[in-house]
Each structure stands twice: as structure tokens, then as C-alpha cells.
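Enquirer: Those protein sequence lines, which keep their order, are chains L and R.
For the first sequence, the positions run 141 to 545 when my numbering is used.
For the second sequence, the positions run 9 to 143 when my numbering is used.
Treat the hints with caution; some may be incorrect.
Facing chain R, from chain L, some residues (calculated, C-beta under 7 Å) [what the hints assert, rightly or not]:
id, residue
1, Val-326
2, Phe-414
3, Ala-489
Far from chain L by the CB rule (all over 12 Å, computed), these chain R residues [to be verified]:
id, residue
4, Val-39
5, Gln-64
6, Gln-80
7, Lys-87
8, Asn-91
9, Arg-92
10, Glu-111
11, Arg-112
12, Met-115
13, Val-117
14, Asp-120
15, Met-129
16, Ile-131
None of these hints come from the bench; they were simulated from the model.
As the structure is a prediction and not an experimental result, all values here were calculated from the model.
Ideal Cβ placement from N, Cα and C applies to all residues, glycine included.
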Amino acid sequence: MKTVEEINEKIKEGKALVLTAEEVIDFVEQKGSKRAAEEVDVVTTGTFGPMCSSGAYFNVGHSKPRIKLGGGKAYLNDVPVYTGFAAVDILLGATAVPDDDPRNAVFPGQFAYGGGHVIEELVAGKEVRLTATAYGTDCYPRKKLETRISLADMNEAVLFNPRNCYQNYNVAVNLSDRAIYTYMGVLQPRLGNANYCSAGQLSPLLCDPLYRTIGIGTRIFLGGGVGYVSWQGTQHSPCVTRTDLGVPRMPAGTIAVIGDLKQMDQRWLRGTSFRGYGVTLTVGIGVPIPILDEDILAQAAARDEDIVTQIVDYSEAYPQRESGSLGEVSYAQLKNGEISVDGKEVPTASLSSYAMAREIAGILKDWIQRGEFLLTECVQGLPSSDSGIVFKGLQEKPLRAQNRV
Amino acid sequence: MTTTKVVLRFPPELTDQPVTYKLIKEYDLMVNILRGHIIPKEEGMLVLELTGTKKQLDRGMDYLAKLGVETQRLSKDVKWLTNRCTHCTACTSLCPTHALSIERDSMMVDFDNDKCIACEMCITVCPYSAMEVQF
Numbered sequence: 141m142k143t144v145e146e147i148n149e150k151i152k153e154g155k156a157l158v159l160t161a162e163e164v165i166d167f168v169e170q171k172g173s174k175r176a177a178e179e180v181d182v183v184t185t186g187t188f189g190p191m192c193s194s195g196a197y198f199n200v201g202h203s204k205p206r207i208k209l210g211g212g213k214a215y216l217n218d219v220p221v222y223t224g225f226a227a228v229d230i231l232l233g234a235t236a237v238p239d240d241d242p243r244n245a246v247f248p249g250q251f252a253y254g255g256g257h258v259i260e261e262l263v264a265g266k267e268v269r270l271t272a273t274a275y276g277t278d279c280y281p282r283k284k285l286e287t288r289i290s291l292a293d294m295n296e297a298v299l300f301n302p303r304n305c306y307q308n309y310n311v312a313v314n315l316s317d318r319a320i321y322t323y324m325g326v327l328q329p330r331l332g333n334a335n336y337c338s339a340g341q342l343s344p345l346l347c348d349p350l351y352r353t354i355g356i357g358t359r360i361f362l363g364g365g366v367g368y369v370s371w372q373g374t375q376h377s378p379c380v381t382r383t384d385l386g387v388p389r390m391p392a393g394t395i396a397v398i399g400d401l402k403q404m405d406q407r408w409l410r411g412t413s414f415r416g417y418g419v420t421l422t423v424g425i426g427v428p429i430p431i432l433d434e435d436i437l438a439q440a441a442a443r444d445e446d447i448v449t450q451i452v453d454y455s456e457a458y459p460q461r462e463s464g465s466l467g468e469v470s471y472a473q474l475k476n477g478e479i480s481v482d483g484k485e486v487p488t489a490s491l492s493s494y495a496m497a498r499e500i501a502g503i504l505k506d507w508i509q510r511g512e513f514l515l516t517e518c519v520q521g522l523p524s525s526d527s528g529i530v531f532k533g534l535q536e537k538p539l540r541a542q543n544r545v
Numbered sequence: 009m010t011t012t013k014v015v016l017r018f019p020p021e022l023t024d025q026p027v028t029y030k031l032i033k034e035y036d037l038m039v040n041i042l043r044g045h046i047i048p049k050e051e052g053m054l055v056l057e058l059t060g061t062k063k064q065l066d067r068g069m070d071y072l073a074k075l076g077v078e079t080q081r082l083s084k085d086v087k088w089l090t091n092r093c094t095h096c097t098a099c100t101s102l103c104p105t106h107a108l109s110i111e112r113d114s115m116m117v118d119f120d121n122d123k124c125i126a127c128e129m130c131i132t133v134c135p136y137s138a139m140e141v142q143f
């Protein structure tokens, strides 16, 4: 048994044993879990995949004379931002597209540029166009603004993602007779291909499946810089069925994360376009797991063979919100390149980059070994499998007569 | 026997000529049409895989040049932008010739230009615009 404080002391002395979630698998096999739990101090994880519920808020500074963007309209490189805050605070969502983008008018739309791309360009140090119109007040007389602006010009630029890092995800297939264009990529008809999206054995929440160490306040690798877990993510659904090791067999937990965008790196925040679907942001996240006891170690050392997920039809079941799995497969099978669905061999591909997840776990390990990154004890845990949380669908209710005007 | 992949661009006045027929009948080439876009009276484009002896190929290419068809070797036209690629692997299961494949140990994507037939499937599926085709 160790405490986070003790592990941090070892990190400061340069004596901590830090392994990635891949390396720890062999280590446990060689040493046995009891001895390994005594020796290993930290396991680092990583993931790099499209995460749509991402965005950033900015304080762009006050122009002279002043303008009140709140209640007005504002754009960064023609991508609309949300202005419903104070005078010069704006919020950019990763999936926003320019007003004049043809979207799916000519199907399948390209979605070449949107919020995710603006975030990538800003992080790369580029200037973007800030254009705005406002209604003008006595204290904020200006009605129009057009300027170039970079991250360095802004007061604050904060990446704030309400839902990232999904703990496990569906494998998407297409049972219909036509190609479909989804957020899980292009799916060919009649089980032509199967797409998955998780780093499996390296994925942060799959390495701490019951959220015993990851919680509000946990310091993490975020977009190449340092960030924090700010809350459970939206749609956090910890009460799904799990394996004996506690690993969810389907999409479950999520985290909301926050961090200073100015210290992040373009390599780990990438504007992303899904044909026929839309724009998003691909985010790199790495979470360190303090090995406080043998159970935490055993879970962190889970292998792709031990982690399973469900195959879902995205032509009918998903859009119609019908439950039902076409089968269960392990990440070891998915990474081999072929799975069997309905007796048919289906080629697999990933939307989340395992190679870059591995790189993130390695970078985080390096930061910790060099004593530059200390672990945090979370301020409050995330709701876990005993929370009773139900992930609700929307129950539509007819509007009352007086609302229908 | 040699096999080569070429992109043919037809000026509008040639789009109603039986060019492929002549390549087969008079120049004795094996022709595999990989991709085509021809609208009568507009510029046309054909991607062909041509197989024959070196002499037959040279004569066939000569014929095309004299006719006014612009030819270009195909393999140079598809670019893999390694700085844009995140190695997500989304392209690999849909690439019909496995020109895009995964090195399983590193889980990194590899692109073999020689196998590419410029079907442009990767352009459609790559979320990071890491594949580019220039005709």
C-alpha cells in the first residue's frame, strides 16, 4: 500500500518506477502482481482520438473604443462562436462550421474546416480573423470589429472539453445496402468494414475502470500540455455491465477536462473532418495512475485480450436508438485487423491512433521520471458503478397549446 | 512484360475517339481501366494499367502523344502527407489494393505507392486530409 504523497516524494528524488500501461503488462507477468504492486509507482496511459465535445473559451481583450460581443455575433475564421457571456469572452466549439458551409447539401459533404481546425491553427501559433457585430451601448459604443488575432494576443485561452476520453466505445458496422457516412467513418454496405475507436489497453479510463484514482482535480497530459480533470464528462454512464476485472463491456465513463491552450501543441490537437458527418477535434490525453495497491495495478495491467466491446449497426440500430449488439469482440481481435460478424470476416480499422496513444504514455512517463510532473490526489471521485446513474434518452413531450404560438 | 499505370487526359475533341480500343487492337496492350471520367465534348480522364513488352508500351505511348493525349505516370500523383497522418488506420480497411497498410507492431500506417490505383477512397475517409491526389 502506497499513498500519492509517498509516490510524489519518490518522483522528486528521481526514484519512482514509472511504466506505461503496455510495459506494465510484461512486468506483472514476470514479477507477479503482488511484487509488481510494491515496485511500480505509476502507470501512464494515453489516447488520441476524435472527441467531439471539445472546445475553447477566449478573452480576446477590449478594443478601443470598446465593443460588447455579448448578445452580438462573432466569428473566428468565419466559424461562429458563442457570445452569450460578458463583453469579450467567446466560446468556440469543435464541431462548429462556417454559416456558408454547404454542409450536406451535396451529400456527402466535405466539412473541410470548422471549430476543430480553428483550435489547431491557433495552437500552431497562427493568426485567425476575428470578425464581430454588436448592437452598441453607451459603455460599449462600437458595432463592428475586424482584426487578426493569435493566442499570444489574447488574455486567456482555455481548452475546455465537456466530454472526452470515452471509457470504451462501440465497433461500428453497416448492415444496409448503401455506404453510410458517420462519426465512426465511412462504413461500407453489407458489413464491408468495421471501425473502432479506443486505445484499448492504453486507454486512460480502461486502465482505472472503477475510477479509483482518476477524479476531479487529477493532473493530466492534455493536448501536449498540462491539464486537469474538471468533472465527470457528459453522458458519464458508470453502471453498465462489466467484466470480472471491473472493465465496462461497452461505452461507460467519460471525463471533462480543462487546461491552458497557450501551452499546448498542434501535434496533439488536430482539426478533423468526417465526410458526410462534420468537423471535430482530435485530442491527445494521457492520465497517470498511481499504483496504490495490487487491485489498481491488476486493472492498469489489463490486456487488449481482456477488454471487450460491442458491435453496433450504424445504418439502423444506432440512428433509431435501438439497443442491441451484433456481438462482442476484444481489442486484441480488433487490432489484428479482422473480426467475425454474422459469420462474415470483416476488416477492421481504428479512428483512434494507437501509435500516438503509445507516444503520449511515453511522454508522460518521461515527464514524471524527470520530476517535472507530480501526481495529484483527486479532490472528489467520479460517480462509479454503485452510483445508480442512468444514461437517459430524451423523452419528447408534446408542447402545451399556449407554447405552440 | 512490363506493367505501368498511367493517367490519360483527353482534350474535348478526342473524347469521342475509341482510344482504348486502338491500344488493345493495334498496339497489342493489355488494358485494365482503373478509373475513368469522360463526358463527350469535355475534357476526359482515364487511369489505365497497361501491360505489354517495352516496345509495345513505347509504341502505344507514342500513339497517345501524337494523338494529343496528355499522359502522366500514376504513382507520382497520390501523396501521403506524413505530417498530417495520425496513424489512426481508418484508410487501411478500405484501400482496395492494400497500398495503405498497418505495420502491426508499431500500429503505424504505411503507404506503398506502387500498389496505389488512385481510386481516391483514402481521400474520402481520411479525417486529417493526409492523402492528396493531384491529376
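Enquirer: Next, verify each hint and record whether it holds.
Expert: Against the structure, the hints come out as follows:
1. Hint status for L:Val-326: holds, given a least beta-carbon distance of 5 Å to chain R, under 7 Å.
2. About 6 Å separates the beta-carbon of L:Phe-414 from the nearest beta-carbon of chain R, less than 7 Å, and the hint is met.
3. Of the supplied interface hints, the one on L:Ala-489 holds, with its beta-carbon coming within about 4 Å of a beta-carbon of chain R, less than 7 Å.
4. With a least CB separation of 27 Å from chain L, R:Val-39 remains clear of the 12 Å interface cut-off, as annotated.
5. Its beta-carbon lying about 37 Å from the closest one in chain L, R:Gln-64 satisfies the requirement of being farther than 12 Å from that chain.
6. Distance check for R:Gln-80 against chain L: the nearest CB is about 25 Å away, which clears 12 Å, and the non-interface claim stands.
7. With a cut of 12 Å on Cβ distances, R:Lys-87 stays outside the contact zone with chain L, its closest approach being about 17 Å.
8. Distance check for R:Asn-91 against chain L: the nearest CB is about 9 Å away, which does not clear 12 Å, and the non-interface claim fails.
9. Listed as outside the interface, R:Arg-92 is inconsistent with that label: its C-beta sits roughly 8 Å from the nearest C-beta of chain L, within the 12 Å cut-off.
10. For R:Glu-111, the requirement that its beta carbon stay farther than 12 Å from each beta carbon of chain L is not met, with the minimum near 9 Å.
11. At roughly 7 Å from the closest C-beta of chain L, the C-beta of R:Arg-112 falls inside 12 Å, breaking its exclusion from the interface.
12. Here R:Met-115 does not stay apart from chain L, with its beta-carbon only about 4 Å from theirs, under the 12 Å limit.
13. At roughly 8 Å from the closest C-beta of chain L, the C-beta of R:Val-117 falls inside 12 Å, breaking its exclusion from the interface.
14. Consistency note on R:Asp-120: stated as away from chain L, and its beta-carbon is indeed over 12 Å from all of that chain's, at 16 Å minimum.
15. A Cβ of chain L approaches the Cβ of R:Met-129 within 12 Å, the least distance being about 8 Å, so the stated non-interface status is violated.
16. Its closest Cβ contact with chain L, about 9 Å, brings R:Ile-131 to no more than 12 Å, contrary to its assignment away from the interface.
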